[in-house]
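A.B. asks: Given next are the chains, with one letter for each unit.
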Amino acid sequence: MWGRNDLALGRDASSRFLPGLLAVMVFLAALAATGALSARGFIASWDARLDGSATVQIPPPSTGTGTRVERREAVMRLLRVTPGVQQARPVPEKTVARLLEPWLGAELAGALPMPTLIDLRLSADQPVDLTRLAERLENAAPGTMIDDHARWLSDARTLARTVTVTAGVVLVLVVLAAVLAVVFAVRTGLAVHREEIEILHLIGAPDRYIARQFQRHAGRLALVGGIIGVVLASGTLMGLRWWLTGTGPGSGPGADEVFSPAGLTALVQAAGFGWLEWAVILLLPFTAALIATVAARTSVLAVLARMP
Amino acid sequence: MWGRNDLALGRDASSRFLPGLLAVMVFLAALAATGALSARGFIASWDARLDGSATVQIPPPSTGTGTRVERREAVMRLLRVTPGVQQARPVPEKTVARLLEPWLGAELAGALPMPTLIDLRLSADQPVDLTRLAERLENAAPGTMIDDHARWLSDARTLARTVTVTAGVVLVLVVLAAVLAVVFAVRTGLAVHREEIEILHLIGAPDRYIARQFQRHAGRLALVGGIIGVVLASGTLMGLRWWLTGTGPGSGPGADEVFSPAGLTALVQAAGFGWLEWAVILLLPFTAALIATVAARTSVLAVLARMP
Amino acid sequence: MVRFENVFMRYDGGPVILRDVSFRLEQGSFHFLTGASGAGKSTLLRLMYLAARPVSGQISIFGRDVTTLSRRERPMARRRIGVVFQDFRLIPHLSALDNVALPLRIAGTRESLIREHVPELLAWVGLSGHLDALPATLSGGQQQRIAIARAVISRPNLLLADEPTGNVDDRIAVRLLYLFEELHKMGTTVVIATHNENLVKRFDHPRLHMEDARITDRSASRSASAAAATTAAGE
Amino acid sequence: MVRFENVFMRYDGGPVILRDVSFRLEQGSFHFLTGASGAGKSTLLRLMYLAARPVSGQISIFGRDVTTLSRRERPMARRRIGVVFQDFRLIPHLSALDNVALPLRIAGTRESLIREHVPELLAWVGLSGHLDALPATLSGGQQQRIAIARAVISRPNLLLADEPTGNVDDRIAVRLLYLFEELHKMGTTVVIATHNENLVKRFDHPRLHMEDARITDRSASRSASAAAATTAAGE
Ligand SMILES: Nc1ncnc2c1ncn2[C@@H]1O[C@H](COP(=O)(O)OP(=O)(O)OP(=O)(O)O)[C@@H](O)[C@H]1O
Ligand SMILES: Nc1ncnc2c1ncn2[C@@H]1O[C@H](COP(=O)(O)OP(=O)(O)OP(=O)(O)O)[C@@H](O)[C@H]1O
Ligand SMILES: [Mg+2]
Ligand SMILES: [Mg+2]
Numbered sequence: 001m002w003g004r005n006d007l008a009l010g011r012d013a014s015s016r017f018l019p020g021l022l023a024v025m026v027f028l029a030a031l032a033a034t035g036a037l038s039a040r041g042f043i044a045s046w047d048a049r050l051d052g053s054a055t056v057q058i059p060p061p062s063t064g065t066g067t068r069v070e071r072r073e074a075v076m077r078l079l080r081v082t083p084g085v086q087q088a089r090p091v092p093e094k095t096v097a098r099l100l101e102p103w104l105g106a107e108l109a110g111a112l113p114m115p116t117l118i119d120l121r122l123s124a125d126q127p128v129d130l131t132r133l134a135e136r137l138e139n140a141a142p143g144t145m146i147d148d149h150a151r152w153l154s155d156a157r158t159l160a161r162t163v164t165v166t167a168g169v170v171l172v173l174v175v176l177a178a179v180l181a182v183v184f185a186v187r188t189g190l191a192v193h194r195e196e197i198e199i200l201h202l203i204g205a206p207d208r209y210i211a212r213q214f215q216r217h218a219g220r221l222a223l224v225g226g227i228i229g230v231v232l233a234s235g236t237l238m239g240l241r242w243w244l245t246g247t248g249p250g251s252g253p254g255a256d257e258v259f260s261p262a263g264l265t266a267l268v269q270a271a272g273f274g275w276l277e278w279a280v281i282l283l284l285p286f287t288a289a290l291i292a293t294v295a296a297r298t299s300v301l302a303v304l305a306r307m308p
Numbered sequence: 001m002w003g004r005n006d007l008a009l010g011r012d013a014s015s016r017f018l019p020g021l022l023a024v025m026v027f028l029a030a031l032a033a034t035g036a037l038s039a040r041g042f043i044a045s046w047d048a049r050l051d052g053s054a055t056v057q058i059p060p061p062s063t064g065t066g067t068r069v070e071r072r073e074a075v076m077r078l079l080r081v082t083p084g085v086q087q088a089r090p091v092p093e094k095t096v097a098r099l100l101e102p103w104l105g106a107e108l109a110g111a112l113p114m115p116t117l118i119d120l121r122l123s124a125d126q127p128v129d130l131t132r133l134a135e136r137l138e139n140a141a142p143g144t145m146i147d148d149h150a151r152w153l154s155d156a157r158t159l160a161r162t163v164t165v166t167a168g169v170v171l172v173l174v175v176l177a178a179v180l181a182v183v184f185a186v187r188t189g190l191a192v193h194r195e196e197i198e199i200l201h202l203i204g205a206p207d208r209y210i211a212r213q214f215q216r217h218a219g220r221l222a223l224v225g226g227i228i229g230v231v232l233a234s235g236t237l238m239g240l241r242w243w244l245t246g247t248g249p250g251s252g253p254g255a256d257e258v259f260s261p262a263g264l265t266a267l268v269q270a271a272g273f274g275w276l277e278w279a280v281i282l283l284l285p286f287t288a289a290l291i292a293t294v295a296a297r298t299s300v301l302a303v304l305a306r307m308p
Numbered sequence: 001m002v003r004f005e006n007v008f009m010r011y012d013g014g015p016v017i018l019r020d021v022s023f024r025l026e027q028g029s030f031h032f033l034t035g036a037s038g039a040g041k042s043t044l045l046r047l048m049y050l051a052a053r054p055v056s057g058q059i060s061i062f063g064r065d066v067t068t069l070s071r072r073e074r075p076m077a078r079r080r081i082g083v084v085f086q087d088f089r090l091i092p093h094l095s096a097l098d099n100v101a102l103p104l105r106i107a108g109t110r111e112s113l114i115r116e117h118v119p120e121l122l123a124w125v126g127l128s129g130h131l132d133a134l135p136a137t138l139s140g141g142q143q144q145r146i147a148i149a150r151a152v153i154s155r156p157n158l159l160l161a162d163e164p165t166g167n168v169d170d171r172i173a174v175r176l177l178y179l180f181e182e183l184h185k186m187g188t189t190v191v192i193a194t195h196n197e198n199l200v201k202r203f204d205h206p207r208l209h210m211e212d213a214r215i216t217d218r219s220a221s222r223s224a225s226a227a228a229a230t231t232a233a234g235e
Numbered sequence: 001m002v003r004f005e006n007v008f009m010r011y012d013g014g015p016v017i018l019r020d021v022s023f024r025l026e027q028g029s030f031h032f033l034t035g036a037s038g039a040g041k042s043t044l045l046r047l048m049y050l051a052a053r054p055v056s057g058q059i060s061i062f063g064r065d066v067t068t069l070s071r072r073e074r075p076m077a078r079r080r081i082g083v084v085f086q087d088f089r090l091i092p093h094l095s096a097l098d099n100v101a102l103p104l105r106i107a108g109t110r111e112s113l114i115r116e117h118v119p120e121l122l123a124w125v126g127l128s129g130h131l132d133a134l135p136a137t138l139s140g141g142q143q144q145r146i147a148i149a150r151a152v153i154s155r156p157n158l159l160l161a162d163e164p165t166g167n168v169d170d171r172i173a174v175r176l177l178y179l180f181e182e183l184h185k186m187g188t189t190v191v192i193a194t195h196n197e198n199l200v201k202r203f204d205h206p207r208l209h210m211e212d213a214r215i216t217d218r219s220a221s222r223s224a225s226a227a228a229a230t231t232a233a234g235e
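Protein chains in written order, with the numbering used here: chain A, 1 to 308; chain B, 1 to 308; chain C, 1 to 235; chain D, 1 to 235.
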């Protein structure tokens with residue numbers, strides 16, 4: 001009884017078109033999900049690096065009083081007794097030079113008097129009043145500034161949220177379209193087979209008997225479409241990654257203050273190949289099949305209930 | 001005769017589902033098209049600014065011989081006689097300081113000895129051999145480097161191409177899905193109305209008579225769906241823009257060498273509101289209607305030709 | 001077996017088809033249902049096979065009030081009723097054999113039993129050469145005989161046939177009527193709606209006649225009904 | 001008018017239905033088409049209304065060989081042929097009136113003419129009270145009469161009716177036959193497939209009888225055909 005297929009749904013147009021439609025939807029869903037996940041992961045890694053941290057920057061001695069070491073020690077003393085500052089670590093001069101290298105050129109960076117940078121780790125439990133700290137730092141060594149990357153992080157988070165929201169909208173729409181396609185297929189299937197369904201009813205078939213044929217049909221087609229979509233999406237994502245890795249930026253010159261393609265490239269490179277991304281992608285066809293089965297069953301039973 | 005609708009297609013399930021499906025497709029198409037167009041426009045504006053230009057960078061005198069002015073004049077002399085260099089213009093020191101400000105802090109940038117920068121405009125007809133020029137510059141003023149932004153532009157173009165290719169893939173898929181949905185609707189419409197179509201044939205209706213009813217039906221539904229999709233897409237794009245403008249970055253501190261959210265934000269801000277973008281977006285529903293009409297006509301006539 | 005009590009029936013905005021009709025058909029009875037075209041014969045049968053509900057009144061079948069039967073209970077009741085529809089209602093993509101086997105399959109009958117009984121019955125209605133034919137490839141009369149075979153295959157307790165011989169000649173019609181007689185002898189209650197006066201005359205069974213939204217139960221076809229009197233081709 | 005020449009017909013893998021059959025029907029003739037169920041009556045009519053092609057042989061209608069007619073030419077030929085299908089084939093969502101009007105509308109007839117003629121014809125077949133009814137809300141016999149009205153509304157040159165009275169009683173059947181006679185008198189060629197011996201006997205028209213894949217043209221219904229002899233309800 002489970003295997004019965006009196007309606008020959010397999011011969012309907014839906015058999016050819018539903019998998020295609022669902023393949024496209026799953027493809028788009030995979031793209032959107034990967035985009036959202038990797039934007040989130042990318043930002044999360046920056047967050048982990050930057051949140052709860054701050055940088056203190058002491059200008060080179062030429063503009064102030066005292067030697068470089070004196071000024072640094074004055075600041076370090078202050079920081080060590082500031083509650084909430086868990087750790088303060090001067091950045092080695094060579095690292096500072098390397099940070100500036102892309103902007104000044106190697107020779108220039110090596111030759112210029114460098115500012116002193118101190119990395120801070122801040123306590124999560126005991127928030128530091130950065131405004132007061134800044135004042136006290138100015139006293140300890142005039143010209144000293146503190147930057148907690150808040151602005152940077154806020155920008156990055158806005159951006160990540162934009163990507164995530166856009167991906168979310170796309171995902172919702174894609175699921176909506178998939179459900180629409182399935183319900184549409186089921187409705188037209190019911191219309192095409194209306195007479196046969198009436199006959200089945202009249203000779204004693206219960207609604208379940210008919211719904212089962214539709215839900216199995218829809219589920220199977222969605223699974224097929226989902227697999228096709230996921231295979232194509234994986235291929236596309238890997239292709240994109242390969243392309244970007246092949247031609248992407250290294251550490252060379254050329255950058256700009258408002259726009260760094262390298263950042264976006266890194267975003268795409270990081271995309272979609274962690275275990276979470278793979279799991280989401282591999283689950284998509286089954287999710288599609290499940291959605292299709294439920295959508296089919298629900299809409300068949302709803303339509304049948306309105307039949308005499 | 002034009003207005004006849006013997007098949008009552010308007011009462012089919014397609015009337016409810018096809019507009020929904022096509023609205024989603026048009027929405028996604030609008031998003032993809034806007035993304036591609038604004039990536040392209042963004043890069044084009046950078047290209048215009050950077051292509052055909054190069055920057056010469058002379059380190060401050062501390063590392064070489066001669067005064068700042070001597071070194072600059074030696075380089076300028078050389079550049080003036082180099083074929084292919086249309087224009088050479090030293091960048092004012094204040095501008096250079098401002099360029100470095102975000103990286104070094106205002107005080108530091110004002111205090112440090114700055115490199116001398118010279119902006120070059122290169123002729124498009126007479127390509128300059130940059131390797132040879134670099135050698136000759138090194139002789140004129142040791143430590144001098146030339147940067148034609150090639151690396152930067154190549155990165156930016158790769159990125160733009162990635163966005164464009166992804167958008168293109170999405171567009172193709174979305175059009176494919178729309179055509180699939182229309183052809184699916186038409187095929188099931190033909191199946192639902194098969195008997196009536198046979199009757200119409202038998203009492204003397206030609207194929208055109210029947211195809212006309214289907215193509216008008218499909219075209220109308222696609223137009224409705226397209227308008228819904230475009231309205232939603234415009235709303236979403238404007239919402240995104242408003243959100244990003246509201247919370248986006250200004251000129252303040254906080255940036256990083258590999259990633260600038262500001263760049264992406266600018267990308268989205270620039271998105272989809274030029275006349276070209278508006279034209280493309282406004283054309284989408286009509287394109288959808290046209291595609292639907294043609295797809296419907298073609299597939300109806302193909303199916304009818306196989307009927308007895 | 002079948003009991004109508006004060007049944008009132010009309011379709012939305014249509015003419016009254018049954019006005020306060022009460023009657024009962026005993027188990028194992030055999031009735032012809034006659035009446036002019038549009039009198040309501042098909043409607044009466046539809047009420048009996050639960051495809052329509054009366055406006056008011058009670059209809060009991062197998063001793064149960066079917067007007068209050070829930071959607072979930074109807075399938076089981078329907079399995080005990082065999083119906084020959086006026087327009088056959090075969091499933092187009094199932095072969096003759098599969099169409100006839102359908103009620104058995106829905107009821108979960110063993111496949112071996114199906115393979116045995118279905119071809120046998122199809123042979124009786126003269127279609128042994130068309131077991132695998134699709135309905136569309138069969139003539140009108142052949143389709144009608146498949147519809148009849150499907151209605152009787154599960155040996156229903158109640159058999160309702162709506163104009164079951166409209167597409168066959170009288171020789172075959174008589175043969176089909178014998179099939180119904182056979183079931184009748186095994187205890188099935190039979191109601192056959194027909195315009196064919198020849199048949200009604202030949203088989204001596206009581207007649208339910210519909211006229212003016214009422215039903216008259218006449219014990220034999222001999223009594224000259226209004227319809228019979230106006231028959232163009234009377235004897 | 002209608003000419004068959006050495007026509008051979010069978011469906012894929014089916015029995016031979018016409019074996020080297022030749023005959024002609026003169027313009028304005030009136031024939032009954034008889035034969036056992038499955039003999040091929042509907043098939044013969046289908047060949048005439050261009051819904052099937054013979055395996056070999058020539059069929060001319062209105063003086064044109066229709067077996068070679070292209071897809072684009074067929075609609076015009078079909079508009080001159082009225083057909084009453086064995087299974088009615090009404091369009092379910094069109095009212096009785098619109099169903100009957102359909103051939104006129106397809107041919108581009110003025111709406112005012114349609115409003116005048118269609119209700120008149122529906123009144124003649126006894127359906128003046130059901131102009132706006134959908135087919136599903138009509139009884140079998142009522143649907144059949146709409147099918148007949150649709151076939152005759154455009155005054156076709158050739159009228160083909162397949163069992164047009166299977167769902168009505170003999171009184172209505174006679175009335176419908178008069179409609180065909182009416183057209184016949186106006187010059188229409190008429191062919192009516194039927195199992196109803198009463199009708200064939202009552203109207204004195206020649207009979208085409210199908211048997212063993214051949215057609216015999218008998219000039220009158222009086223001659224005892226094989227089918228008539230085995231009729232269960234003969235006189
Ligand atoms: N579904 C329906 N909705 C509305 N009216 C209907 C419906 N079905 C039938 N009718 C009307 O009910 C009346 C009786 O129809 P019914 O089919 O019961 O007649 P019948 O006796 O079977 O006729 P016939 O011998 O022509 O088959 C007719 O006037 C018909 O128009
Ligand atoms: N489309 C088809 N494909 C294959 N075989 C067919 C097709 N239509 C009819 N047949 C077969 O052709 C034979 C003649 O069928 P046809 O419908 O012409 O008979 P008929 O004389 O009209 O019978 P009835 O009186 O029962 O309507 C039958 O045996 C039938 O099975
Ligand atoms: Mg009836
Ligand atoms: Mg026939």
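The set of hints was computed from the structure by calculation and includes no laboratory data.
Heads up, some of the hints might be wrong.
[Claimed, not checked] Here are the computed lysine-lysine pairs in the BS3-like style, where the Cα-Cα straight-line distance is at most 30 Å:
1. A/Lys94 x B/Lys94
2. D/Lys185 x C/Lys201
3. D/Lys201 x D/Lys185
A.B. asks: None of the hints should be skipped; say for each whether it holds.
C.D. replies: For each hint, the structure was consulted:
no.	hint	in the structure
1	A/Lys94 x B/Lys94	27 Å, holds
2	D/Lys185 x C/Lys201	36 Å, violated
3	D/Lys201 x D/Lys185	19 Å, holds
Of the hints listed earlier, the one the structure fails to meet is number 2.
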